[in-house]
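J.: Sequence:
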Amino acid sequence: MNDKERLVPEKPEPEGPGTGFETEGRPLELGDLLFRPEDLPEDHRSGYIAVIGRPNVGKSTLLNRLLGQKIAITSPKPQTTRDQILGILTTQDAQYIFLDTPGIHQPKHKLGKHMVNVAERTIAQDADLVLWVVDVNSPPTDEERLIAERLGDLHRRGKLPPVILALNKVDQWQGSPEALSQREQAYRALLEWLPPEEQAALPAFPISALTGQGVDELLAGLRARLPQGPRYFPPDQVTDLQTRFIVAELIREQALNLLRQEVPHSIAVAVTDFKEREDGVIYIAATIYVERRSQKGIVLGRKGAMIKQIGQAARAQIEEMLGRKVYLELWVKVWEKWRKKENMLRRLGYDALR
Numbered sequence: 008m009n010d011k012e013r014l015v016p017e018k019p020e021p022e023g024p025g026t027g028f029e030t031e032g033r034p035l036e037l038g039d040l041l042f043r044p045e046d047l048p049e050d051h052r053s054g055y056i057a058v059i060g061r062p063n064v065g066k067s068t069l070l071n072r073l074l075g076q077k078i079a080i081t082s083p084k085p086q087t088t089r090d091q092i093l094g095i096l097t098t099q100d101a102q103y104i105f106l107d108t109p110g111i112h113q114p115k116h117k118l119g120k121h122m123v124n125v126a127e128r129t130i131a132q133d134a135d136l137v138l139w140v141v142d143v144n145s146p147p148t149d150e151e152r153l154i155a156e157r158l159g160d161l162h163r164r165g166k167l168p169p170v171i172l173a174l175n176k177v178d179q180w181q182g183s184p185e186a187l188s189q190r191e192q193a194y195r196a197l198l199e200w201l202p203p204e205e206q207a208a209l210p211a212f213p214i215s216a217l218t219g220q221g222v223d224e225l226l227a228g229l230r231a232r233l234p235q236g237p238r239y240f241p242p243d244q245v246t247d248l249q250t251r252f253i254v255a256e257l258i259r260e261q262a263l264n265l266l267r268q269e270v271p272h273s274i275a276v277a278v279t280d281f282k283e284r285e286d287g288v289i290y291i292a293a294t295i296y297v298e299r300r301s302q303k304g305i306v307l308g309r310k311g312a313m314i315k316q317i318g319q320a321a322r323a324q325i326e327e328m329l330g331r332k333v334y335l336e337l338w339v340k341v342w343e344k345w346r347k348k349e350n351m352l353r354r355l356g357y358d359a360l361r
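With the numbering used here applied, the sequence shown covers 8 to 361.
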């Protein structure tokens, strides 16, 4: 596998023996000091965790909860995450590197196929653990059966890391503890390809990504199953995403939340200008792409009311993230059937179409 095929950075090799003042014949650099093994506890754990699940079960909400800040967009509408998000949580004794994958579903167009391919490659190529997030308030769906089948395929090919189950939205549970246990068993039973003893021993954690209930216990369970290893990223880094990407996602989030059902998944956002003015204000220009001219009118709204509302809501989120005053300018353009055209998907940053 070459560097272009891997979706996340290769794990660096630990330093070999030496004087402590040189690394492979070169002078010691700041990065070497960040990762020196003697600075870490003896039982330090680290690794990549693929966060999977059907659309709209709270994966992005959980990632934002774990990191203590927003890097993945959330929306009541499904299939919000389109690409892999790398979120990094560093504690004194562990570094958790979360890969928030698009929801696994039956794709209907090239963008949908891209989303599913990203999720499956993340599990097979990059992950040390798989965190499967489900909505505990719903019995297993056909989409969850599809996920179990895909995991089974990886298991038979020897490419499935250990799986941990997160029973999300437990804050909304209104049944008895016995009923909760039965719901947990229903999800375990989907992994019918596991030997009975492994199925029974599968770790499962009732949590609420919204309130934080059970999240500390989940983190402890993840740490216990991560391999021993160094820190792969500086301790204050929380993502490898560029600021422009996060800004575009925050704009798309507001469009998802404010527009009618027939429009949101036909929307993509690209930041075309990002610069600091002399007065200290950050100027950002972005284009919202839609697939049909009728959708452009919906996004603009009557006398520009909707695009103004999207801009105001997005600007507040961006200013909170940047800690600076922002001037946001939005445009709307039509790219007909962009979700079905690979060249347009690549221009919008969906490069993993292999």
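Honestly, the hints are just simulated from the structure, not real lab data. Nothing here was measured: the structure is a model prediction, and the numbers come from that model. The beta carbon of each residue, even a glycine, is placed where N, CA and C say it ideally should be. Some hints here could point you the wrong way.
Claimed, not checked - Here are the simulated distance ranges between beta carbons:
{"hint": "1", "residue 1": "Leu209", "residue 2": "Lys310", "range": "29 to 37 angstroms"}
{"hint": "2", "residue 1": "Val288", "residue 2": "Ala193", "range": "47 to 55 angstroms"}
{"hint": "3", "residue 1": "Gln99", "residue 2": "Glu343", "range": "51 to 59 angstroms"}
{"hint": "4", "residue 1": "Phe281", "residue 2": "Gly304", "range": "42 to 50 angstroms"}
{"hint": "5", "residue 1": "Val245", "residue 2": "Pro210", "range": "23 to 31 angstroms"}
{"hint": "6", "residue 1": "Glu199", "residue 2": "Val341", "range": "15 to 23 angstroms"}
{"hint": "7", "residue 1": "Glu285", "residue 2": "Ala231", "range": "32 to 40 angstroms"}
{"hint": "8", "residue 1": "Val341", "residue 2": "Asp50", "range": "18 to 26 angstroms"}
{"hint": "9", "residue 1": "Gln99", "residue 2": "Trp200", "range": "33 to 41 angstroms"}
To be verified - With a cut-off of at most 20 angstroms between alpha-carbon atoms, the simulated EDC-like pairs for lysine to aspartate or glutamate come out as follows:
{"hint": "10", "residue 1": "Lys310", "residue 2": "Glu343"}
{"hint": "11", "residue 1": "Lys282", "residue 2": "Glu343"}
{"hint": "12", "residue 1": "Lys166", "residue 2": "Asp149"}
{"hint": "13", "residue 1": "Lys315", "residue 2": "Glu343"}
{"hint": "14", "residue 1": "Lys166", "residue 2": "Asp178"}
{"hint": "15", "residue 1": "Lys303", "residue 2": "Asp243"}
J.: For each hint, tell me whether it holds in the structure or not.
T.: Verification of the supplied hints:
1. Leu209 x Lys310: 29 to 37 angstroms: violated (55 angstroms)
2. Val288 x Ala193: 47 to 55 angstroms: holds (53 angstroms)
3. Gln99 x Glu343: 51 to 59 angstroms: Because 52 angstroms falls inside the window, the suggested range holds.
4. Phe281 x Gly304: 42 to 50 angstroms: violated (27 angstroms)
5. Val245 x Pro210: 23 to 31 angstroms: holds (25 angstroms)
6. Glu199 x Val341: 15 to 23 angstroms: violated (47 angstroms)
7. Glu285 x Ala231: 32 to 40 angstroms: Between Glu285 and Ala231, where Cβ atoms are some 52 angstroms apart, the hint is violated.
8. Val341 x Asp50: 18 to 26 angstroms: violated (56 angstroms)
9. Gln99 x Trp200: 33 to 41 angstroms: holds (38 angstroms)
10. Lys310 x Glu343: Between Lys310 and Glu343 the Cα gap is close to 23 angstroms, so the pair fails against 20 angstroms, i.e. violated.
11. Lys282 x Glu343: Judged against 20 angstroms, a Cα distance of about 30 angstroms means the pair is violated.
12. Lys166 x Asp149: Distance of about 23 angstroms is beyond 20 angstroms: violated.
13. Lys315 x Glu343: violated (23 angstroms)
14. Lys166 x Asp178: The given pair, whose Cα atoms are some 34 angstroms apart, is violated under the 20 angstroms limit.
15. Lys303 x Asp243: violated (40 angstroms)
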